[in-house]
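These protein sequence lines are chains A and B, in that order. Note that the first sequence covers residues 1 to 220 in our numbering. Note that the second sequence covers residues 221 to 452 in our numbering.
Among the clues, some could well be false.
What the hints assert, rightly or not - DSS-like mimics (lysine-lysine), calculated; alpha carbons at most 25 Å apart, straight line:
1) B:K298 / B:K309
2) B:K297 / B:K262
3) B:K298 / A:K72
4) B:K265 / B:K280
5) B:K298 / B:K262
6) A:K123 / B:K309
7) B:K368 / A:K171
8) A:K72 / B:K309
9) B:K265 / B:K298
10) A:K123 / B:K298
11) B:K360 / B:K298
12) B:K265 / B:K297
13) B:K262 / B:K223
14) B:K280 / B:K309
15) A:K72 / B:K280
16) B:K223 / A:K123
17) A:K123 / B:K280
18) B:K309 / B:K265
19) B:K297 / B:K360
Think of the hints as simulated: they come from the structure by calculation, not from any bench.
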Amino acid sequence: MRARLTRDQMAARAAREIHDGMYVNLGIGIPNLIPEYLTGVDVVIHSENGLLGMGPMAPVGEEDPDLVNAAKQAVLVAPGGAICSQAESFAIIRGGHLDMTVLGAFQVSATGDIANWAIPGGKRVPGVGGAMDLVAGTGSVMVTMTHNNRDGSPKVVEECDYPLTGRGCVKTIVTDLAVIRVTTNGLVLEEVAPGFTAVEVQAATGARLMVSPELTEIAI
Amino acid sequence: MDKTIASAREAIADIQDGARIMFGGFGLCGIPENLLRALREKGVKDLTVISNNAGSIDLKAGGAYGLALLFESRQVKKFVGSFPGPVAKLDYFLGPFQSGELELEIMPQGTLNERIRCAMAGLGGVYSPVGVGTILAEGKESRTIEGKEYLLELPLHADFALIKAAQGDRMGNLVYRYTARNYNAVMAGAATTTIAEVEELLAPGAFHPDQVHTPGVLVQRVVVGERYERRV
Numbered sequence: 001m002r003a004r005l006t007r008d009q010m011a012a013r014a015a016r017e018i019h020d021g022m023y024v025n026l027g028i029g030i031p032n033l034i035p036e037y038l039t040g041v042d043v044v045i046h047s048e049n050g051l052l053g054m055g056p057m058a059p060v061g062e063e064d065p066d067l068v069n070a071a072k073q074a075v076l077v078a079p080g081g082a083i084c085s086q087a088e089s090f091a092i093i094r095g096g097h098l099d100m101t102v103l104g105a106f107q108v109s110a111t112g113d114i115a116n117w118a119i120p121g122g123k124r125v126p127g128v129g130g131a132m133d134l135v136a137g138t139g140s141v142m143v144t145m146t147h148n149n150r151d152g153s154p155k156v157v158e159e160c161d162y163p164l165t166g167r168g169c170v171k172t173i174v175t176d177l178a179v180i181r182v183t184t185n186g187l188v189l190e191e192v193a194p195g196f197t198a199v200e201v202q203a204a205t206g207a208r209l210m211v212s213p214e215l216t217e218i219a220i
Numbered sequence: 221m222d223k224t225i226a227s228a229r230e231a232i233a234d235i236q237d238g239a240r241i242m243f244g245g246f247g248l249c250g251i252p253e254n255l256l257r258a259l260r261e262k263g264v265k266d267l268t269v270i271s272n273n274a275g276s277i278d279l280k281a282g283g284a285y286g287l288a289l290l291f292e293s294r295q296v297k298k299f300v301g302s303f304p305g306p307v308a309k310l311d312y313f314l315g316p317f318q319s320g321e322l323e324l325e326i327m328p329q330g331t332l333n334e335r336i337r338c339a340m341a342g343l344g345g346v347y348s349p350v351g352v353g354t355i356l357a358e359g360k361e362s363r364t365i366e367g368k369e370y371l372l373e374l375p376l377h378a379d380f381a382l383i384k385a386a387q388g389d390r391m392g393n394l395v396y397r398y399t400a401r402n403y404n405a406v407m408a409g410a411a412t413t414t415i416a417e418v419e420e421l422l423a424p425g426a427f428h429p430d431q432v433h434t435p436g437v438l439v440q441r442v443v444v445g446e447r448y449e450r451r452v
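Given these sequences and hints, build the entire structure.
Next up, the structure:
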């Protein structure tokens, strides 16, 4: 069947990049759906408000207002979890102690620049939160996002024209249409959504893609 | 040594118009609820507030919580923080922001932390790699250290730090609960006067010294919170 991936399918594909022994920060949105697909993976989830070892959402009636994640939702602590202050939590991020961060984005460029915090010329009040810290400090940054905006315009572009969050930091892009690696030679298309061709994905993308010789369909 | 004050109202009695105040908490988690309510009642104006978020709102019922109380009552002149959040969409925040009445200083969350920590730790600043190559680097001194570019981030001082702990003693030793530690543990000692509200006051010695998160020397006043909503 030919269809773009759902948000859950993107989260499931992204989860396959996460392996035993990793410390991972998951952003708000699609990344937040990833834990459901990490069953059996020995991973510690970092929440930047000061929780290392985030567990599942707190069941209704068992919410503790003193125990929340970065999205301000009541959660549980996983066995072996640890609490730290904000300064220590961001020292962990900035100091390169996390293995991976997964974030949403407005745009990603051909060189791995990411824009995910502000809209140009908008009258909205800006807010950056931990996004710049995460992309600056984490060795492996993965982006999960839809491949195109609602008007069809591409989100993977040669150069970002939205305000940048960081330069040259994205390593992997998982969209509803493709899995793309950012390499020193440029963007490599490794996987396409079932039923789509590399030519079609290229046409929906604002940057030149090199097609991997091992191109496959995303396993759903 | 006894740093306890009888009420939140008395604890903030010397906070005047134009004060610079840090507020512990992340969203509504670990906010000094009682001190915030007392500030709203006192009606001090032209405040500069330093906080991760601008409080919280109940979109359905329309209520303002945490720091949003001070924006709702137009007591704030400047917000210094990282992520104002949903409060920023409301007329009482957006209106003054767009007219220039409300000033904003936005920075990365970790930078906010380190700048506060500099004030607490007596440092003249720190070099951070966060924000290099972005518009938030504009106007900042940059320096290449061991081949990597950093931005000079200066200390963030305040007149008062209002923080919250689960437990404290009269000497100002504090213990936080879960993620309510957040900014509370960072802001303690970063202002001229640190006022801690606690849910429970214990006798000195009740905590094992290994357990203390914030040593009492960083805290000038301790008040037991009168009433807790403890919203998620």
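Verification of the supplied hints:
1. A threshold of 25 Å between alpha carbons decides the hint, and for B:K298 with B:K309 the separation of about 16 Å falls inside it, so the pair holds.
2. For the hint pairing B:K297 with B:K262, the CA-to-CA distance comes to about 16 Å; that is within 25 Å, so the pair holds.
3. Our distance criterion of 25 Å between C-alpha atoms is met by B:K298 and A:K72, whose separation comes to about 24 Å.
4. Simply put, B:K265 and B:K280 have alpha-carbon atoms about 28 Å apart, too far for the 25 Å limit, and the pair is violated.
5. Proximity of B:K298 to B:K262 is assessed by CA-CA distance (about 18 Å); at most 25 Å being required, the pair is judged to hold.
6. The suggested pairing of A:K123 with B:K309 holds, with an alpha-carbon distance near 10 Å, which does not exceed 25 Å.
7. Among the hinted pairs, B:K368 with A:K171 is consistent with the structure: their alpha-carbon atoms are about 19 Å apart, no more than 25 Å.
8. For the given pair, A:K72 sits about 18 Å from B:K309 by alpha-carbon distance, which is consistent with the 25 Å threshold.
9. Taken as a hint, the B:K265 and B:K298 pair is honoured in the structure, with Cα atoms around 11 Å apart against an allowance of 25 Å.
10. For the proposed pair A:K123 and B:K298, the alpha carbon gap of about 18 Å is at most 25 Å, so the pair holds.
11. Simply put, B:K360 and B:K298 have alpha-carbon atoms about 20 Å apart, close enough for the 25 Å limit, and the pair holds.
12. A threshold of 25 Å between alpha carbons decides the hint, and for B:K265 with B:K297 the separation of about 8 Å falls inside it, so the pair holds.
13. Distance hint between B:K262 and B:K223 is fulfilled; the C-alpha atoms sit about 22 Å from each other, no more than 25 Å.
14. In summary, the hint linking B:K280 to B:K309 is supported, as the alpha carbons are separated by about 14 Å, within the 25 Å threshold.
15. About 17 Å separates the Cα atoms of A:K72 and B:K280, which keeps this hinted pair within 25 Å; it holds.
16. At roughly 46 Å between alpha-carbon atoms, B:K223 and A:K123 are farther apart than 25 Å, so this suggested pair is violated.
17. Simply put, A:K123 and B:K280 have alpha-carbon atoms about 24 Å apart, close enough for the 25 Å limit, and the pair holds.
18. Taking the CA atoms of B:K309 and B:K265, the gap is about 21 Å. The hint holds against a cut of 25 Å.
19. The suggested pairing of B:K297 with B:K360 holds, with an alpha-carbon distance near 23 Å, which does not exceed 25 Å.
In the structure shown, a violation is registered for the earlier hints numbered 4, 16, in ascending order.
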